[in-house]
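Enquirer: Here's the letter readout for the chains.
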Amino acid sequence: MSAAESLADRAAASPILTVQGVSKKFGGVTAVQDVSLEVPRGAIVSVIGPNGAGKTSLLNMVSGFYRPDTGVIALEGDAITTLRPSQIAARGIARTFQNIALFSGLTVLDNLMLGRHVHMRAGVLSSALYWGPARKEEIAHRERCEEIIEFLKLQDLRKQQTGALSYGLRKRVELGRALALEPKVLLLDEPMGGMNQDEKEDMARHVLDVNIERGVTVVLIEHDMGVVMDISDRVFVLDRGRRIGGGTPEEVQRTPAVIQAYLGTSKGGGQT
Amino acid sequence: MEWEFTLLLLVNGILIGLMYALIALGFVLVYKATDAINFAQGEFVMSAGIIAAVVVAASTSFFLGVVVALAAMVLFSFLLERVMLRPLLGRPIVAVIMATIGLAALLRGLLPLVFGAGTRPISLPEFIGEEPIALGPVMLQPVQLVGAGVSILFLAGFSWFFLKSRMGIAMRAVADNQQVAMAMGINVERYFALAWAMAGIVSALGGVVWGSMLGVDVHLALVGLKVFPVVILGGLDSIIGAVVGGLIIGIVENLAAGYIDPYVGGGTKDFAPYVVMIIALMIRPYGIFGKRKIERV
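Protein chains in written order, with the UniProt record's numbering: chain A, 1 to 272; chain B, 1 to 297.
Incorrect hints may have been included.
What the hints assert, rightly or not - Below, a list of computed lysine to aspartate or glutamate pairs in the EDC-like style, where the Cα atoms sit at most 16 Å apart: (1) Lys184/A / Asp209/A; (2) Lys153/A / Asp209/A; (3) Lys153/A / Asp202/A; (4) Lys164/B / Glu137/A; (5) Lys153/A / Asp78/A; (6) Lys164/B / Glu138/A.
Said to hold, decoys possible - If the Cβ cut is set under 10 Å, some of the chain A residues that face chain B in the computed set are: (7) Thr30; (8) Phe103; (9) His119; (10) Glu138; (11) Leu181; (12) His206.
If you're looking for bench data, these hints aren't it; they were derived computationally from the structure. Where a beta carbon is used, it is the ideal one built from N, C-alpha and C, also for glycine.
Let the hints inform the model, and build the full structure from the sequences given.
Expert: Here you go:
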């Protein structure tokens with residue numbers, strides 16, 4: 001299957017996530033203004049833009065941390081604009097944070113198990129007694145976490161407290177915890193920020209694996225243009241809260257407004 | 001004999017310390033999950049004691065008294081979280097502190113007004129008995145043994161809850177980082193309510209245990225004051241810290257009463273814990289087991 005074909009297939013399907021005319025102001029500052037975009041099912045979509053462009057604000061609205069002033073955000077056609085973060089997570093949108101946000105006092109495994117939270121059904125009492133169905137459930141969840149641990153090659157770190165891990169590993173554990181939710185859509189806020197080249201390549205490989213092997217739609221905020229252009233099916237460009245471009249990586253790199261605002265005026269496609 | 005006297009003081013200190021730990025646990029649970037400092041912890045204990053004493057006297061059933069006190073305190077904590085504290089979410093921590101101080105004053109005034117200000121006993125069921133039990137050279141009050149036993153049971157139970165159960169781990173996650181917990185699909189408010197309900201449970205138990213030992217009136221709330229040396233020594237957010245802090249304060253208190261009181265005419269028991277607290281604040285302000293970030297509170 002060629003890249004062009006797979007993209008066409010993906011575009012044909014109805015978008016899994018739509019953002020429509022979304023705006024958000026903080027006091028007098030407009031963080032996001034009338035932004036619309038569609039995320040095709042199964043795609044890797046990147047949102048790029050200079051610092052302060054409103055990328056993270058957009059992500060925060062999708063995951064329910066901010067409520068948009070206007071506009072609608074929909075997952076598989078259902079509006080999720082007014083839902084709380086915990087409800088949105090339960091609907092199948094997982095996210096990571098720009099600054100690593102692991103539960104540092106807990107082990108890698110416990111962090112992943114917390115990712116399973118939305119799937120846990122056993123009641124307080126039965127799970128407190130670790131008995132009957134609760135026990136079965138616990139074992140099932142543990143198995144899913146073990147799959148992810150293997151998937152991300154974290155086997156040796158299961159019982160380690162996350163606070164003691166290296167930066168790159170913590171980012172990977174955070175990805176794993178988001179995966180443990182078994183999300184339909186995975187929002188990654190600068191997953192490669194602050195990483196060296198090797199770590200970046202590892203992370204890019206993991207993101208691709210997540211997308212291809214596990215069929216998860218990925219929305220990525222990232223500054224490394226090389227990575228973005230390599231792995232994205234679609235790229236959206238924000239500048240000062242507005243969407244100024246969008247399309248395939250090739251299209252985006254040719255858009256004059258984008259080149260001017262973000263990629264540098266001389267030529268497109270380079271590292272920034 | 002000298003060593004027997006010391007042993008008596010130590011054993012007494014340990015038993016009392018465990019009972020302090022139980023009350024401190026209520027404080028720690030709330031702080032751990034919600035970052036709120038509950039200055040009304042002593043008044044919770046007092047309220048539970050009064051309710052238990054009234055019900056036990058009216059029904060002559062000790063267990064009914066315990067059950068009613070438990071139910072009342074859980075309900076009360078639940079409502080408190082919903083009505084008074086949730087609207088304060090995201091406000092400066094001082095707002096919550098002032099709210100709990102106000103609540104403390106309210107409870108100290110209101111409960112005696114409703115139930116009368118006299119000192120009431122909580123009579124233990126007969127099988128516990130009143131005869132001191134001899135453990136080697138040390139004579140122990142059955143009340144204290146029961147109190148310490150209940151404390152150990154619940155301290156162990158809550159430790160297990162936080163270390164092993166998935167709700168406990170979720171609660172630690174909430175305490176660690178509320179935003180991320182939300183992104184994991186954890187309903188943070190529900191865990192806040194749960195933390196307060198658990199504080200209600202230990203307050204009810206503390207009220208019954210302390211009430212049956214000291215008798216129940218407004219002064220029972222003073223036990224809550226001893227919680228501060230305990231948790232500051234042990235660490236505001238640590239269950240094991242509550243236990244160790246409780247034991248240290250209990251032992252210090254008894255040793256002071258035994259060895260210093262005879263020279264100064266009494267009363268050292270009541271301030272020795274605070275001396276320890278001040279020393280702890282100077283050396284290790286976040287407590288023996290506390291997380292260092294607590295320094296900024």
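Enquirer: Now tell me, hint by hint, if it's right for this structure.
Expert: A quick look at each hint next to the structure:
1. Lys184/A / Asp209/A: holds (15 Å)
2. Lys153/A / Asp209/A: holds (12 Å)
3. Lys153/A / Asp202/A: With a Cα-Cα distance of about 11 Å, the restraint between Lys153/A and Asp202/A holds, given a limit of 16 Å.
4. Lys164/B / Glu137/A: holds (15 Å)
5. Lys153/A / Asp78/A: violated (35 Å)
6. Lys164/B / Glu138/A: holds (11 Å)
7. Thr30: Nearest chain B Cβ about 23 Å off; hint violated.
8. Phe103: Hint on Phe103/A: holds, closest Cβ of chain B at ~4 Å, below 10 Å.
9. His119: holds (9 Å)
10. Glu138: For Glu138/A, the interface hint holds, since the closest Cβ of chain B sits about 7 Å away, which is under 10 Å.
11. Leu181: holds (7 Å)
12. His206: violated (19 Å)
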